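Based on the provided sequences and hints, a complete structural model is requested.
Heads up: the protein sequence lines correspond to chains U and L, in order. So in numbering that gives the first Met the number 0 the end of the first sequence lands on 253, straight run, no missing numbers. So in numbering that gives the first Met the number 0 the end of the second sequence lands on 254, straight run, no missing numbers.
Because the hints were derived from the structure by calculation, they are not lab data. Note that this is a predicted model, so its numbers are computed, not measured. All residues carry an ideal CB built from backbone N, CA and C; glycine is no exception. It cannot be assumed that every hint is accurate.
[Said to hold, decoys possible] Not everything, but these chain U residues come out facing chain L in the computed CB check (under 10 Å):
hint: 1; residue: 8
hint: 2; residue: 80
hint: 3; residue: 81
hint: 4; residue: 85
hint: 5; residue: 150
hint: 6; residue: 153
hint: 7; residue: 231
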Amino acid sequence: MGEPFIHLARVRKVYRTRGADFLAISEASFDVEPGELVSLVGPSGCGKTTLLKVLAGLHAHDSGELTIGSRAQPFDPSRDIGMVFQQPLLLKWRRVIDNVLLPAEILGLPMNASRSRACDLLALVGLRGSEHKYPYELSGGMQQRAAIARALIHDPKLILMDEPFGALDALTREKMNLELLRIWEEAKKTIIFVTHGITEAVFLGTRVIVLTAGPARMADNFRVELPHPRTLEMKTNELFGEYTRRIYRLLGME
Amino acid sequence: MGASLQTVHRYALAILSHLALVIAWYLFVRLGEVPKFVMPSPYDTVQALLVPNYRWFENIAVTSAEIFGGYILALAIGIAAALLFSWFRWLEMGVMPLLVSLNMIPKVALGPLIIVWFKYGIGPNALMAFAICFFPIVLTTARGLREVEPDLLDLVRTLKGSRWQVFTKIQLPGALPYIFSGMKVAAILAVAGAIVGEFLGSDRGLGYLMLQVQVTLDTAAMFMAVILITLIGMVLYAMVLALERILVVRDARLA
Numbered sequence: 000m001g002e003p004f005i006h007l008a009r010v011r012k013v014y015r016t017r018g019a020d021f022l023a024i025s026e027a028s029f030d031v032e033p034g035e036l037v038s039l040v041g042p043s044g045c046g047k048t049t050l051l052k053v054l055a056g057l058h059a060h061d062s063g064e065l066t067i068g069s070r071a072q073p074f075d076p077s078r079d080i081g082m083v084f085q086q087p088l089l090l091k092w093r094r095v096i097d098n099v100l101l102p103a104e105i106l107g108l109p110m111n112a113s114r115s116r117a118c119d120l121l122a123l124v125g126l127r128g129s130e131h132k133y134p135y136e137l138s139g140g141m142q143q144r145a146a147i148a149r150a151l152i153h154d155p156k157l158i159l160m161d162e163p164f165g166a167l168d169a170l171t172r173e174k175m176n177l178e179l180l181r182i183w184e185e186a187k188k189t190i191i192f193v194t195h196g197i198t199e200a201v202f203l204g205t206r207v208i209v210l211t212a213g214p215a216r217m218a219d220n221f222r223v224e225l226p227h228p229r230t231l232e233m234k235t236n237e238l239f240g241e242y243t244r245r246i247y248r249l250l251g252m253e
Numbered sequence: 000m001g002a003s004l005q006t007v008h009r010y011a012l013a014i015l016s017h018l019a020l021v022i023a024w025y026l027f028v029r030l031g032e033v034p035k036f037v038m039p040s041p042y043d044t045v046q047a048l049l050v051p052n053y054r055w056f057e058n059i060a061v062t063s064a065e066i067f068g069g070y071i072l073a074l075a076i077g078i079a080a081a082l083l084f085s086w087f088r089w090l091e092m093g094v095m096p097l098l099v100s101l102n103m104i105p106k107v108a109l110g111p112l113i114i115v116w117f118k119y120g121i122g123p124n125a126l127m128a129f130a131i132c133f134f135p136i137v138l139t140t141a142r143g144l145r146e147v148e149p150d151l152l153d154l155v156r157t158l159k160g161s162r163w164q165v166f167t168k169i170q171l172p173g174a175l176p177y178i179f180s181g182m183k184v185a186a187i188l189a190v191a192g193a194i195v196g197e198f199l200g201s202d203r204g205l206g207y208l209m210l211q212v213q214v215t216l217d218t219a220a221m222f223m224a225v226i227l228i229t230l231i232g233m234v235l236y237a238m239v240l241a242l243e244r245i246l247v248v249r250d251a252r253l254a
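Below, the structure is given as structure tokens:
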């Protein structure tokens with residue numbers, strides 16, 4: 000393989016509160032190849048959201064090395080990050096297409112080109128025909144699709160997702176998993192996907208990084224050798240079961 | 000179709016209740032043989048408009064100018080102050096408690112002072128309207144600007160968006176439902192403020208006219224003045240409602 004797109008070596012992050020210091024990330028070390036979909040899985044308090052915010056440049060880390068981008072894929076921190084959160088966080092006074100355009104407006108991208116790109120992206124995420132609806136006219140799953148389109152509008156190289164399907168019902172969530180894989184294969188982005196769903200992490204990831212809490216620690220990092228495109232039948236596959244058991248064991252649930 | 004019929008019904012009922020009040024008023028005066036200087040009939044009240052000495056148009060214009068002037072000033076300064084509060088937390092922590100204390104002052108009690116400082120006239124009366132409707136606007140706007148999802152701010156920060164972009168694209172439109180709820184309260188207060196100002200000292204305006212005709216016991220003219228003041232307030236309120244309809248998406252409106 001060539002140069003990694005993301006490189007972390009012994010990254011450490013401590014939150015200083017008045018009472019005591021809280022170790023949010025200790026010794027996180029991993030590489031991500033360009034175009035990978037990496038699942039960060041772990042219980043609450045394991046530092047996965049903190050790690051995502053460090054990658055997003057929203058928090059500074061205290062020590063260790065963190066580089067994003069390579070010679071082949073240079074990285075501009077102000078326009079190469081797309082974010083999707085647990086809540087869609089669409090602006091309810093804007094129509095869907097204008098919500099998708101928000102990052103383009105902030106970055107000052109040419110509006111005509113962005114508008115037609117927004118239409119293409121809405122078609123990609125399965126929202127053709129909903130461009131001019133308001134968010135309240137969409138279901139939770141559809142709102143999250145719009146949020147994914149918004150994360151893609153400025154053509155960022157890295158998409159950071161923080162439990163994006165955590166608020167959806169189980170069936171919608173399964174459907175959105177398949178949709179995300181399809182979008183990822185078409186858009187060819189590097190995605191870091193934070194979740195506390197173990198099967199979701201294995202099903203989506205080309206690689207899974209397991210974080211444990213108390214103390215925060217990176218417990219595992221393995222490639223998922225399941226072929227693409229992934230199908231729901233793979234969840235009953237023996238290899239899939241081995242991967243999920245491996246994570247359950249690390250989280251002390253077996 | 001069904002919905003529009005319902006709307007027609009609603010308007011019809013509203014008009015009917017207003018008409019009923021006027022009829023009840025008329026019957027009360029007529030059947031009770033109430034003297035005109037105690038309570039004029041609706042007809043007498045409208046007749047008062049024909050007295051040229053009362054210079055209705057000028058007085059309406061003066062009172063409207065005070066109300067709208069004070070109101071718009073409160074809107075501009077209130078929103079600007081709330082914006083500064085959201086940008087500078089220390090300013091909010093210092094000034095907001097002060098504003099809450101100042102808000103406890105009965106603004107009406109400031110009237111005599113305003114006259115001492117600024118003499119009397121349209122300006123001081125607009126100032127009175129401003130003083131009384133500034134607080135609800137600044138308080139609701141500050142509250143609305145604060146109600147931003149932290150994740151949404153993170154989203155803008157990853158794009159290196161400016162504070163001004165956060166304000167114009169996220170905070171201000173998000174705060175509009177709050178601002179409008181403050182504006183509705185303020186619209187009612189602004190009218191009261193301007194009229195109190197006119198009572199305390201003025202040489203023009205509907206409040207001034209009421210004091211003039213009180214001396215001559217022209218109760219009909221007083222009634223007319225009250226009705227006109229109410230109408231000015233209703234126009235202001237209706238403008239606020241119309242603006243809200245244009246600017247705030249249905250789902251985002253506060254009840």
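Violations among the numbered hints, reported as their numbers in ascending order
Hint check: 1 and 7 fail, others pass.
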